[in-house]
Each structure stands twice: as structure tokens, then as C-alpha cells.
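Chains as they are written, first to last, in my numbering: chain A, 188 to 498; chain B, 1271 to 1804.
Among these hints, one or two may not hold up.
[Said to hold, decoys possible] Below, in silico cross-link-like pairs of lysine-lysine (DSSO-like), each with a Cα-Cα straight-line distance of 27 Å or less:
#1 Lys-1464(B) with Lys-308(A)
#2 Lys-290(A) with Lys-1335(B)
#3 Lys-262(A) with Lys-1464(B)
#4 Lys-1329(B) with Lys-322(A)
#5 Lys-308(A) with Lys-1468(B)
#6 Lys-1414(B) with Lys-325(A)
#7 Lys-322(A) with Lys-1468(B)
Simulated from the structure, these hints should not be mistaken for laboratory data.
All values reported here derive from a predicted model rather than from experimental measurement.
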Amino acid sequence: MELIRQDLNIDFLKRRRLFMGLSALLIAIGIVSLVIKGGPDFGIDFAGGLLIELRTKEPASTGEVRRILSEKGFKGAIVQNAWELGKASGHDFLVRMDLGEGKPEDLSQGARRALEDGFGKDKIEIRRVELVGPKVGKELQRKGTWAVALALVAILIYLAWRFEFKYSLGAVVALFHDVLITLGAFSITNTEIDLPVVAAFLTIVGYSVNDTIVIFDRVRENLKKYRRMPLADLMNKSINETLSRTILTAGTVFVTDLALFLFGGGVIHNFAFALLVGIVAGTYSTVFIASPVALFWEEKFGKKKLVPARP
Amino acid sequence: MKLDLKWRMAAIVLVLVLCIFFVMPSLVDDLPTFWKKNARKISLGLDLRGGAHLLLQVKAEEAVKNSVVLTAGDLKDILLKEKIRFARIEPKERTLEVVLLKAEQEGDLLNIVSRQYPGFRKLSSLPEDGRLKITFELSEEEAKRIRENAVRQAVETIRNRLDPEGVKEHDIVAQGEERILVQLPGVEDVEHAKEMIKRVALLEFKIVDREHSLEEALRGNVPPDSEILYTSKVDPRTGRRMRGDPILVKKQTLLTGDMLDQARVEFEYNMPRVAISFDSKGSKIFDQIAEANVGKELAIILDNTVYSHPVIKQRHYGGRAVIEGNFTPEEARDLVVILKAGSLPAPVEVEEERTVGPSLGRDSIQAGIVAGLVGSLAVVIFMVIYYGTAGFIADLALALNVLIIMAAMAALRATLTLPGIAGIILGVGMAVDANVLIFERIREELRAGKPFRQAVDAGFSRAFSAIFDSNLTTLIAAALLFQFGTGPLRGFAVTLCIGLVANLFTAVWVTRTIMDYLISQRRVVGVGISLASG
Chain A
188 MELIRQDLNI
198 DFLKRRRLFM
208 GLSALLIAIG
218 IVSLVIKGGP
228 DFGIDFAGGL
238 LIELRTKEPA
248 STGEVRRILS
258 EKGFKGAIVQ
268 NAWELGKASG
278 HDFLVRMDLG
288 EGKPEDLSQG
298 ARRALEDGFG
308 KDKIEIRRVE
318 LVGPKVGKEL
328 QRKGTWAVAL
338 ALVAILIYLA
348 WRFEFKYSLG
358 AVVALFHDVL
368 ITLGAFSITN
378 TEIDLPVVAA
388 FLTIVGYSVN
398 DTIVIFDRVR
408 ENLKKYRRMP
418 LADLMNKSIN
428 ETLSRTILTA
438 GTVFVTDLAL
448 FLFGGGVIHN
458 FAFALLVGIV
468 AGTYSTVFIA
478 SPVALFWEEK
488 FGKKKLVPAR
498 P
Chain B
1271 MKLDLKWRMA
1281 AIVLVLVLCI
1291 FFVMPSLVDD
1301 LPTFWKKNAR
1311 KISLGLDLRG
1321 GAHLLLQVKA
1331 EEAVKNSVVL
1341 TAGDLKDILL
1351 KEKIRFARIE
1361 PKERTLEVVL
1371 LKAEQEGDLL
1381 NIVSRQYPGF
1391 RKLSSLPEDG
1401 RLKITFELSE
1411 EEAKRIRENA
1421 VRQAVETIRN
1431 RLDPEGVKEH
1441 DIVAQGEERI
1451 LVQLPGVEDV
1461 EHAKEMIKRV
1471 ALLEFKIVDR
1481 EHSLEEALRG
1491 NVPPDSEILY
1501 TSKVDPRTGR
1511 RMRGDPILVK
1521 KQTLLTGDML
1531 DQARVEFEYN
1541 MPRVAISFDS
1551 KGSKIFDQIA
1561 EANVGKELAI
1571 ILDNTVYSHP
1581 VIKQRHYGGR
1591 AVIEGNFTPE
1601 EARDLVVILK
1611 AGSLPAPVEV
1621 EEERTVGPSL
1631 GRDSIQAGIV
1641 AGLVGSLAVV
1651 IFMVIYYGTA
1661 GFIADLALAL
1671 NVLIIMAAMA
1681 ALRATLTLPG
1691 IAGIILGVGM
1701 AVDANVLIFE
1711 RIREELRAGK
1721 PFRQAVDAGF
1731 SRAFSAIFDS
1741 NLTTLIAAAL
1751 LFQFGTGPLR
1761 GFAVTLCIGL
1771 VANLFTAVWV
1781 TRTIMDYLIS
1791 QRRVVGVGIS
1801 LASG
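Just chain B, with the same shape it has in the complex:
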């Protein structure tokens, strides 16, 4: 028995040490590095630290429609080149109608489409006033791919726009099929963030500055009329676009995307590239630039990222140019969509916004602490008054319970929210229930005339099933809440669940061990009633 008690006490000390290890970083800043490395601060939810939560709806079907429209434009060019004569090419939602003047050219058309646009399938071909109307339909797989791409692309574009350097704690992820969840801790100007998200993509053309040293500029001596931008490359592991090498470009914007007329994907040696052409005004400006900068590099910049910087080889381009940038075919296509639509691949709308200002966040923490202190103190004092020594032991168990919740939050990297704090406070009220059940039972047994030790035994063993039941029913409800809950509410479910599970350990096991220890020292543990009355 004695050895058993020692082991149990050792286990409790171990748990205590572990808890302190995980909780300390949240309380003290100045800790040895190995400690900080292995235990993180408890992260606070947006409702406590302030920030914005945005749920965006991506109108991904628009990207599908756009894609059909784009294909129609491309197909026109190809048919003209291939001398296939047509009356009209008309995009309709997901279908594309091509009316050929000569029915015998149908085979050529089908060849071209199946080679260039494998996503399209022939739906029907019907004679129409001596001509042949052929209807193609975009396959569901292709449409799905486009939609998924649109969402993925939107996630990356938004990430890029809000945090080009990739240093902020933004959390931008796709949610479900057509939604993007944007969480911006600490962001105060939400309207600005929203404008950034919805902004039309900015396409600019600037000259690369090779006259000054890039190294020198990176050291901080940036020439006054130049700036450092970064190229974009694809991370081979994740397939995501990321920041590439720095490059020095002249600040002056020579030409912007609003003079863009056409953009489409071309293939050269199987490498996709994006061909663009300008309107008449843009063409003139473009040629002037070429004239003045022959031999220099022209940076093609989208949202401050340099996509490519080809050398200007000729003086006269006639308003047509090509962007090469190690694109995958999908990326080239997405870039075209962006260039043409002038914004995200598909429009986004804000479906949900929850912004908490920093002052409210601070107030909420304050309120949580005050409510917690008042509530816990009331419970703690009550337990001591009502149950005497045993009540004090229960209070110790309660303190350990709260400590375990905090440590588990830190160790599991869970987020503490205001409802989460409410869960901890409410948990304090619920946790003592286990001890109340046990102590009431011990009192009954004492009154029935049992000696103290046996009364304690009986109290713990008989109360256990009720404790287990009551924790389980609340746990069922809390688990469902976790399933249902979004953001802050999950925090409530998390702290409540951890608290209930820890409660079985602290209220039953720890209380029992402490009481056993005191009994082994031949001390009588008061449970708040004088035995003479029993």
C-alpha cells in the first residue's frame, strides 16, 4: 500500500511538472531557448487579440464561363489561320457553338478542338440553313478543374496581396469547394484588407535596372529612381508559387494593363507562354518603349511580382508581345484569365465578416479574468467553508484541473477564445461536482457509523459511477458542439472537454491520493461535519 501511494504521488508531481513546463512560456517571456523551443505560448483567438475573420465566397462558376469565352476567342484565331470558314462562334455558359460555312470541314474542326481543347466534347452537329452548327460542351471534369484552380489561384493571389513578404501570421485557406477563410490577426483596417482582396490585378511594365548593382541595393543603397522587386517561381515540392530572386527595376511605370487588348496561351516547343496584344494607344506606347530601350530587359509585373523580364530585341513590335515565365499550362491559363478579367480568376464576395478591434479584445480578456476570479473564488471559499480540510483538498485538485487545461491548450496548440475562457470558468463550477458527490457520500457513510477510512473508500467507489455518467453526458454535448462550432465556439468545446476529462483525474484520483496520504500520516481529514452529530 505504501509503495503504491508513493508511486501515485510521484505521478501527480510528474503531471504538475509537465503542466508547469507547458504553461510557463505563456506567463514568462524570459526563458531558456530549449524551453521556448519545446513549449509554445497559448495562442489567442481573434476575438481576444483583435483581428478580422472573413469568409469569402468564390464565384468559381464565373471562371468556368470565362474560360469558355476565352476558348471561343482563341478558336476564332486558329480557325482563321487554318482557313476553316465559319459564320460564328458563340460561347453559351458551358457550351460553345460553332457554325461552319462548309459542312465538309467538320473533321478539321473536330481535330483542332480535340488536340487543343481536350476539355471540350462534341455534343451535337446539326444542319442550320445550309450550314453546320456544331455544339461543344465543357466536360464536368474540366469544369471542376477550372473551379478548383480558380479557388486555389484566388487563395494564393489573396495571400500574395495581403502579405507579399510572407511574414505575417495570416491564415488563408480554402474551405469546402468554393469558399476561402481569411483570418487576419491584429489587422485593424479591415476595409483596406477587403479592398486589397478584391482589387483589380495591377499589370505593369517597367525597365530592369542593370546600371546599378543589385548587391549594393540589397545592402540598403537602393538608387532613388529604382526599387527592388522579386520574381516568382514554383516550389517543386508544393507546386505553390513562391517568392524567387530579387531584381532591381526602375520605379517608373511605362505601361499598365488597362491598355491590354488580348491575352491568350500559346505553346512553343511545348512550353506554354502567354501572348498579349495592346489596343492602338497601348501599341504606340509599347513601340516607343521598345525604341528607347532596345537591348534592355522589360519587367512584366503583376501585383508587384515580376513574372518575366524578356530582353527587348526589336524596335517595333506592332503591339504584340509574349510573356514567358516557366509556366505550367494551368498557370499560363490562369494568368490569362487574370489579365483578361483584370482581377481574381473568379469574383469573390464577402459572405461573413467578424472583426474585433484591439480594445474590445483586451476588454474581453480583462472581463474573462475578472469573471474567472470572482466565480472561482466564490467556489473555492465555499468548498473550504462547507467541507473543511476536504474542501481545501478539492480546491487543490481544482487548481490542478485549470492548470492542466492551460497546459493542454499550449501543448495541443489549441486556440484560446472568449467562449473558451467561459468554458474554463464554467468548468470550475462543474468540476467541483465530482468532489461534492464524493464528499456527500463520505458524509452519509460516516453518519451510517462507518469508520473514517472505510467511509472514504465507500465514498469514492460509490460516487464514481455518477461522476462518470455526469461527465460523459456533458462530454457528448461538448463533442457535438465541437463538430458544429465555428471559430470561437470550438474554443468553448475544447476547454470544456479537456476540463471534463482532466476532472476525472484531478477530482477523483488526485483528491483520493492526497486524502490517502493524510490518512497514512494518521491524520483525520475533516469533511465538514462533526462526527458526533452523525
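The following block holds chain A by itself, in its conformation from the complex:
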């Protein structure tokens, strides 16, 4: 079976300004949303706080849970339905609270007791408690930022060693594109960034770049084959030749991640969401951003002769 016809020759680069503009617009929307909301929406892993997942025997409502908590003095609690396969069961709830003044552990104990007393101890089940103190939250924030930054630097170094500057530049712009789009998507959909999401970001960073590398690998190969072809045509040819692979690989990873998103349960829901966005953005940027940026650089600052960095 073949999805992509072999003689396919789409001119991806002709409308590169349009695609780059589209990406810039999407990123701008994301940034505006981030600015309006005052930065990314950090989950308790990074902001500190308390998260309780509870299951009630009898069906209940978020309002009921909120009322019980506020009667016991926990006023600022955010109560949500825990979504399972896109619908609320009516039995599962997520409660989130900020740390406040007292000791973190008193908050966790108090909120737990309030729920158990309010519903009756045998009427609910506390399925999950996550409590993160302010120090640990800051530490995780710092470590997470470092990990993503280091990953970017490591991949930059790798690219610089592996490719000529303009290609590295294209790959890196594509990389930032993917991370920014994903961040924006989190902000727009009000999805919290928790610890697993950082894992997703790192995976996106690794994944996005390898897609780009495959195309640039092909460009390098074709440069040797077709010495007189203009760079734009050569890139187009390379993108077309690898298009089938690009789509297939993105497809298989997307499908497995979709399975995680749909069936993997609430704990890794945000993680799977980040990857879904990241895979789509990564595939898009591989085709529509990375090569155009490299070409743009070549047209502006390039020498006439094109030599691959390494045979």
C-alpha cells in the first residue's frame, strides 16, 4: 500500500512566507494568552499546593464537594470533575488547593478529614493525595527549567557538529517553534503544566529534531547527487522524497499517544496532551519551518557555493 504517490512533487517552499506567517501568528496567540493569564498555569508540582482525587460511592457534584470543604473552612478549593474518556463519571473529583499560611502537612490532613467527615468515612475513597511544599515546588521548577534548557543546548551542540550552520539554525527554530506552540496550547486550553509535562517537553525536543534531521540528511545526500540544482528545488525534492516517512512516523507515534490520551487515565492525561500537540507541531515545523528558515538564511547571507559540512 502507498499513501503518498512516488511522483508527488508539492512545492512546499513556494508558499513559505505564508506558512511561516501562520506559525508566527499561532505562536503570537499563545504568547498573548500567556501574558494575559500571567505566565504558564503551573500545577502543584511547581507552584506548590495540594491535590486530592476522590471517589464517592453515591453520585455527587462539584458544588457538593466545594460546599463540604468550605463548611470546614477550606474556602479557596478548586473542584473539578475527573474526566474519564471525555465524560464525567459523577463519582470522581479532583480538588486543588493552594498552600496558604500553615504547615503543608496540616493542610493535607485537614482537607482529608474534612472530606471524610463531610461525606462519611465509608462513603468516599481518597484515591490520590499529592502535596508539594513551597521549597520542593521551587526546586522542581528550577530542575525542570534546567533539564529543558540543557536538552536544548545538548541538541544544539549535536546539530552544530553534524550540520552546517544554516541547517542547525533551521532545526533550532523548528524546535523552539514546537515548544512555544505547545506552551501556547497549554495556556489557551487552561491545561496545567505538571511534572510529567516536562517529560513530554523533553520528548518533544528530542522527537522534533530527529524528524528534521532525516530531511536534512536527505538534502545533504541530494546535494552531492544534483550539484547544479538550486537549493530551493533541492530542498523541495528532499522534502517530497521523505514525506511518506515523515507522515508515517508521525502517524504511528501520534496513534500510540492518542491511545495514551484516551485510555491512559487522568494521571498522565496532560503528558499525553502535550505530546499530541508537540507531535503535530513537530511534524508541521519539520516540513514548513525548518527548511524555509535554512533557505532564508542562505538567500540573505549565504555564499554562492554550497558544501555539506561533513561528507
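With chain A held as given, fit chain B onto it using these hints.
Using the frame of chain A, we list chain B on its own:
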């Protein structure tokens, strides 16, 4: 060529056998003992089996301050005894101010301090209203030792309290300088565990029961008003306190630590011991006990561990007694801190808590299996439809890849977590990438008119650099994640890394070998396109 192919196939079979050897114990319970001995079950993380993860912050500096306060108290006693006259002795954080009435006694004081409290250094001596104010400071090394001791002691005390018999799979370790990581698999009542951790140490005095036979009691016939407790001894190898011999004591608690007034370290023949004294009410009770039990042994019990059981020799103690228990000087000192503070050597606070109930753990495993099956099936079916026979071969390689991940997890004693399962599932999607690259390349070569065999050769060799690159970039990210990650997230990095490395073996090497084998049998391996179109 033929021999080479045989060797390669033998290698694959060997890997397969090894993998099955390591994975089987996780799937089947009933295996021969030699098998079970050499291959363990894959251990599940707290997020899958349920349990509690607590990160405790030890306020170790408090132990340092306490130590200074204790020293101040001791020094008062000594100075009184030595007839060195002083106006006041005042502990201030890490410094100790002693105001002497007679400046000429400074030398005596310095002697005593340097002999008894080598951790203190003279900082200054200044005249103050005709008196002499001498300031001592606790050295940084000593403070560090106290802090480290406080953490170590806290780790052991917590271990002791949560699992006195030492049979549970608790994992309680110091992390960094002032933190303790407590992992309690299967524990449902976290609040109880936390109370146990923070509980005030219980000091009790009970009478040792020598009227009944200990052997008989150990066999299960414990006298109704007695109980079996254990002494504590120091393991000479590790230096850790561990459970010593059993001892039969009367259940009735005669006296508890709340009537304790003073506790301090004393030395007799260079053996450290802990001297305690009671308040007036405690003194009275203590003498009543002595009166009634002369000649019997009094068990001094801290947190249900018998630290010593001296014989009551006199009828009247006047509220003062001594605990001897083969202490090292540090332990004696720590015990004093515990007795005085009535709890851990330094207070602890819960900085992080992650509790997963057993039902959520089960649901997560379930969810992981469902997501894995759906995702893998989609990929596997797609590969066969798209690439035909070659796709089927890739699926076999994929299955081996997953098997290798599981076997490596078991062999390396790594912990499988929910993100770890996600890593395996995602890895399935990523692993076929290598085969997609190869097969697409083979198709191109076929279309260019190359004979099948050469097309396969070219496909594998030309795709390799791209495969290597793509695995490497993801590996870089995963390795950094391993560095950054805590607990469950590390599981993701681990399965992803193992999967990527195994991928080079399965997707490239194994697929190639199977294809070579089929070619050697003069069979054509379809790659999903009809050659006529190419």
C-alpha cells in the same frame, strides 16, 4: 555468508531465551526455585501498586541549638561541682556565654570546656561590670556532625517506628543533607504513618519478668500480663542499631518519660551513660517502684525497644538514675536529645507527599494495558497492511523490542511506573520509525530499478545514519530527563532509553537477519508495493 547468517540467528535465539528467562517470573508464579532465585519479578512503582511517598525536611539546625542548650545545662552542674563561680551561662544559637564572677578562674573554665566539650572554641573574653564574659562557639565541624547525626538518627528512629520487626519493604533513606525520603509501598493509612513519624518518643519503665520462662513465651505461651520486647544492639559492621535479644517484661507501665526532669551524658571509666532525674512526682513514684521491686530488673524502654535493664539495687534513689546500654558517646548524646526533646533529635516536616490508593494503582495498570494494546495493535496492523510481509517482520522485531525492555527492567531491578508504561507505549510508536525509514528506502531503490537483494542492502545501509541520529537525539533528551526526574518520571526515561537502544538491535539487526534468511530461502519479501508499478 551462510555461516554468518546461522550465527546471527543463533544470537537472536539466545537473546530471546535470555529475555524469556528474565520476564517469566513476572508472568508466572510457579517456577523452579533456581529460576526464581536468579530472575526477579519486575518491581512496580508506588504509583502502580499504591503506597505513600513522603519527603521529610529535617530541621537539623534545631538539633544544633538543642545541643548548645544541653551543654549549657551540663556546664552549670560541672561549674557548681568544681566551685567555679559564675553569674550566668547563656546559650545563644551556636554560641555559649559564660559570665564568671572571678576573672582568675578563666583558666579553670577553659580547661573544663576543652576537656569535656572539645566541639566548643573560645571566641572572646571581655570584662563586663567587673566580671568576665567568655563566649564560646560551637565549631562548624561539630555542628555539621550534630546535623548529620540528627538526620541519621531520625532515619533510624523512623525506620524503627514504622517497621520494628524489619520485615516490610519500606525504603527510608537520607537524601541530600537535611532530607529523608520515605517510600512506603502498600501503606493505605498515610495519616497514621505520619503520626508515627512525628510522634513524641515514648519512654517507659517496666519490670523485667523473670518468673516465667522466656523460651516458653517465645514458643507462643506468653503470660497474660507480660509481653516480649527486644533489646537494641549495635551492628559492629554497619554501626547501625539493630534488634537484639528478646526479653520478657511485665506489660504494666510503671513510669513514663513525661515525668522526666533532666537527662545528660556521664562518663564512667570512659563508658558513656545517660543520667536521668525525675521531677518531684516522678521521684516519688520511682522510689515506690524501687521499694517494691528491689533485686528485680527495671527495663528502660524507648519506643518499645529495651535500651537497658539494670537491677534495682536500692530502695531509695531520690529521683536519680542512670541508663547504661553500651552506648557510643554519640548515641548517648543523641539519646539525651531524644529524651529531652521527647521526640526525634530534630523536628521533621513533610515537604512533599504523594499517596496513591490501591484502587487507583490498579486502575492505572488497567489503563496502561488498554492504552498499550490499542496503540500497539493499531501500529502492528498498520505495518502489515502498509508493508505486507516486511511489515510483519517489523512487527516481530517490535514484539522482541518490548520483550527486551521488560527483561532489562527485571534484570536491572528497575522500577516500572505509569510514565514508564507510557514510555514503552510511545516507544512502540517510535520504534517502527526505524523500519519505516528502511522500508521506504528499499521501495525507492526498487523503484529505481535495483534488484531486490541490492535494494535491501542499500535500504539498510543508507537508512542507518538517519536511524542512528534520530535515536540519539531522543536519547539525549531522555538521559537528561533521567537526571532531572524524580520517582515515576525516571521510569519514563528508563523505559524510553532501553527501548531506543534495543531498537537499534531489533529494528535494524533482527529485521535484517530475518529478511536475509527469507532471501536465502529464495523467497521474495514483499515491501508492500508491486514491483510492476516501480
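Legend entry - Ascending list of hint numbers which this structure does not respect: Violated: none.
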